[in-house]
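Protein chains in written order, with the working numbering: chain A, 1 to 529; chain B, 1 to 357.
Everything labelled a hint here was simulated from the structure, so no lab data went into it. Fair warning: there could be bad hints in the mix.
Mimicking DSSO-like on lysine-lysine, the simulated pairs with C-alpha atoms at most 30 Å apart in a straight line are [said to hold, decoys possible]:
(1) 155(B) to 120(B)
(2) 272(A) to 74(B)
(3) 74(B) to 155(B)
(4) 96(A) to 61(B)
(5) 272(A) to 75(B)
(6) 61(B) to 155(B)
(7) 155(B) to 75(B)
(8) 272(A) to 96(A)
(9) 61(B) to 75(B)
Single-letter residue listing:
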Amino acid sequence: MREAGTLTLAAPRRPNKGLLAAGMAIAILVLLPIGVTAVNALGAGWNLAVTLLWRPLTFELLQNTLALIGCVTIACALIGTGTAWMVERTDLPGRKLWGVLAVVPLAIPAFISSYAWLSLDSVFANFGGALLVVTMSYYPLIYLPVAASLREMDPALEETARALGNSPRAIFWRVVLPQLRPALLGGMLLVALNTLVEFGAFALLRFRTFTTAIYGAYRAGFSGAEPALLAMVLMVLCIACLVAEQLVRGRARYGRLARGTRAAASRYHLGKWRFIVPVALAALGFAALVVPLGMIAFWLTQPGSDATSVTATGWAAVAQASWSSVRLGLGGAALTMAMALPLGLLATRYDGWLVSVLERAAYLAQGVPGIAVALALISLTVHHLHPLYQSHLLLLFAYSVLFLPLALVSVRAALLQAQLRLEEAGRSLGLNVFAVLLRVTLPLAAPGLGAAAAMVFISVTTELTATLLLAPIGTQTLATQIWANTSTVAFAAAAPFAAALAAMSMLASWLLARRFGASGVASLAHGAV
Amino acid sequence: MAQLDISRLTKRIGGVDVLRGISFTVASGELVAILGASGSGKTTLLRLIAGFERVDGGEIKLAHELLASPGMSKKPEARGIGYVAQEGALFPHLNVADNITFGLSRAQRRAHHRVAELLKLVGLPAHYASRAPQNLSGGEQQRVALARALAPSPKLLLLDEPFSALDAALRVETREAVAQAIRAAGATAILVTHDQEEALSMGERVGVLQHGVLAQMSTPEELYHRPATPYVADFVGDAVFLSGIAEGGRVHCPLGALRLASPGLSGPVTVMIRPEQISLGTEASGGVAATLKHVAFFGRDAVVTLALQGALAGDVTARLFSQSVPPCGSGAWLSVAGEVIAYPAPVSGAGAEAAMA
């Protein structure tokens with residue numbers, strides 16, 4: 001995790017004991033769900049485990065999941081790379097606007113898109129629908145790193161290749177693509193990871209993957225072993241993706257050889273494609289933005305929602321659910337930051353194997369699906385810590401486990417802003433440790449810490465799986481109300497909640513993007529830094 | 001290798017005339033340096049020849065074949081012109097051998113065609129072939145970039161400030177290696193630079209580009225000793241400018257009656273003297289009396305600022321061997337060796353005036 005270059009800190013120091021103890025406690029807490037899942041899965045005995053896993057259902061799930069991931073990843077790669085190339089490398093009219101539009105879908109949770117498509121026509125409740133919804137939600141994960149890569153690339157490389165006799169098409173394959181490889185592969189693995197852990201969208205579209213099967217097994221009241229076993233398989237797949245992503249990111253980053261200033265890349269003339277490309281991008285924008293937002297707007301205008309709804313309706317209910325979502329978001333952000341700060345301080349201020357193990361443990365949580373975390377915590381509290389079962393604290397803890405990696409990336413970056421040598425300069429000017437913290441470290445790190453908290457807030461409010469499984473009875477959030485109404489085909493009743501959630505998420509993302517730049521925020525938000 | 005003909009070339013970028021009617025010819029096998037300050041249009045000129053930009057007026061011909069004219073532009077990949085970018089632009093995902101063979105056919109790429117030969121040509125050991133570009137120094141990267149550009153045997157080679165990113169010691173060494181390799185390959189080449197020393201030492205002919213116009217193109221010696229305009233004189237080296245009156249092959253100026261390189265001139269003129277033409281003598285050897293005001297020491301030589309005495313008051317600079325510099329404040333008698341250059345327009349104001357050192 002340690003980056004080379006100017007930001008690395010000076011001589012290794014021995015960590016403060018209290019800080020180290022806090023870091024270890026946090027790492028253990030974060031790894032707890034993985035441990036509980038493993039114990040539950042294997043606790044029933046090896047033979048039962050083999051019997052439960054070695055049957056057609058597992059293979060069907062594996063086949064469904066892998067086929068979908070393959071298609072989604074390839075579709076996202078094509079759309080994301082194509083859009084990035086058009087925006088960054090051609091004279092496409094209105095490319096700035098297209099660049100923004102290509103990122104906005106990240107602010108709309110996939111289960112809201114699936115609600116929109118499903119309410120348009122039930123024909124989308126199949127593989128094709130799942131492919132469409134998830135691709136439209138996740139292609140920005142490819143667009144962002146690839147566009148950044150294209151911007152960073154030295155234009156002299158392409159010019160030199162042309163002077164050496166290559167056509168633009170040959171240059172794309174021989175020069176541009178090889179250099180996009182780290183960004184592209186990293187992005188594809190993130191898409192695969194997000195698809196693996198997606199639950200809401202697939203459940204609504206009635207497409208069976210590991211997450212929906214785990215949920216089904218849990219709801220059907222099966223013994224702890226079956227959902228836990230399936231969760232184990234899913235977790236192994238996730239962690240494999242995560243490790244592969246780390247490898248790709250760590251190894252294949254080609255440093256730009258040239259330093260100093262350089263000219264902007266020359267753009268290709270679209271020529272006869274001048275009209276086709278905007279139409280294609282408009283179609284993409286239509287599928288990724290207009291349908292989800294348009295369907296919400298359409299259902300908002302449909303009367304008679306009260307009759308079909310299983311939940312309370314009306315604006316009072318929406319306000320109440322919004323307030324629950326905001327409260328959980330704030331609580332989740334606070335707890336997550338409280339866990340991220342000690343780890344961030346350890347990671348940026350100290351060296352040593354223990355520190356790097358703790359940091360890696362925290363990042364490992366990124367590979368644990370929400371459904372596995374939720375089931376592990378349920379089983380743990382039901383059997384051993386009953387007072388915590390169905391408590392707000394447990395729900396907030398689940399959020400912290402899920403979003404700690406996300407927070408840690410930005411907390412780490414923020415703390416690096418306050419470099420050790422600046423703190424040393426403060427000390428040499430007569431300030432004590434606390435004065436330095438107050439007058440040097442925090443002012444420098446504050447914007448980044450704020451961004452981290454805001455991103456956790458957005459993620460918590462749009463999180464469905466953990467909320468659905470762990471929310472105390474009577475706690476209804478926007479996400480759970482959309483879920484309840486959509487699963488019972490009460491589309492009009494779901495619309496006000498969906499509108500409120502989409503508005504909240506997009507507003508918060510926009511505020512963040514305005515402060516920190518769209519690509520910065522979005523890539524941080526998905527660990528693709 | 002082929003001859004390059006450029007005639008009346010013009011280019012506008014964003015409403016600014018970057019090139020305004022450039023014409024010159026590069027003979028087959030010749031190395032021409034184009035010298036210009038930043039913003040003079042020298043990089044644009046190179047990009048037009050390479051085909052990265054379209055011309056607005058004029059023509060570019062290579063081996064008598066039209067490459068570009070208004071409304072017509074042969075694709076850069078079809079021109080057979082090698083290009084060495086400012087910082088080499090080696091492909092970071094390919095090793096040295098794959099970089100060098102990049103512009104060759106698939107079969108030649110597989111056979112590592114000419115890799116060893118080209119590495120030797122640019123003065124790098126053969127085992128560099130398998131290195132990654134990241135593991136080369138800046139100068140080595142430039143040499144590989146040159147080998148890569150030479151590999152497909154281009155008709156013309158373009159070098160865009162290839163040494164500007166290197167530090168001083170490496171610059172001289174790389175410059176010599178590159179000049180030698182280009183001569184050995186017998187390539188026709190154009191080098192663009194803002195460094196006058198680099199242009200004068202590498203170019204068989206040197207062109208000075210001033211605000212999109214070719215102010216002068218000639219051999220390095222001619223350019224330095226007989227610059228066509230005061231701008232060129234000042235740009236290619238240090239110059240002392242003085243007012244004077246030309247008459248009968250001589251010019252009368254504060255440093256005496258000096259022999260003119262162009263005897264036809266008469267009337268008020270601006271005289272240009274190179275600081276190394278001025279020497280310091282004793283009262284016995286005679287000359288114009290002056291007081292030594294300031295010495296800038298450079299090691300091998302030194303530039304001294306001298307205040308002329310009497311009615312001809314003013315400053316001139318002289319470049320001397322550092323061992324023969326008298327102490328500050330002492331008197332000296334100045335004399336000028338060789339012919340001097342004069343331009344018809346006089347410097348405004350009376351008396352002696354020293355231009356920048």
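Hint by hint, here is what the structure shows:
1. Only pairs whose Cα atoms come within 30 Å are accepted, and residue 155(B) paired with residue 120(B) is accepted, the gap being roughly 21 Å.
2. Proximity of residue 272(A) to residue 74(B) is assessed by CA-CA distance (about 19 Å); at most 30 Å being required, the pair is judged to hold.
3. Distance check on the hinted pair: residue 74(B) and residue 155(B) sit about 14 Å apart at the alpha-carbon level, within 30 Å; holds.
4. For the proposed pair residue 96(A) and residue 61(B), the alpha carbon gap of about 39 Å is over 30 Å, so the pair is violated.
5. Of the supplied pair hints, the one linking residue 272(A) and residue 75(B) holds, its CA atoms being roughly 18 Å apart against a limit of 30 Å.
6. In summary, the hint linking residue 61(B) to residue 155(B) is supported, as the alpha carbons are separated by about 12 Å, within the 30 Å threshold.
7. Of the pairs offered as hints, the one joining residue 155(B) and residue 75(B) holds, with about 15 Å between alpha carbons and a cut-off of 30 Å not exceeded.
8. Taking the CA atoms of residue 272(A) and residue 96(A), the gap is about 21 Å. The hint holds against a cut of 30 Å.
9. Only pairs whose Cα atoms come within 30 Å are accepted, and residue 61(B) paired with residue 75(B) is accepted, the gap being roughly 14 Å.
Hint violations for this structure: number 4 only, all remaining hints satisfied.
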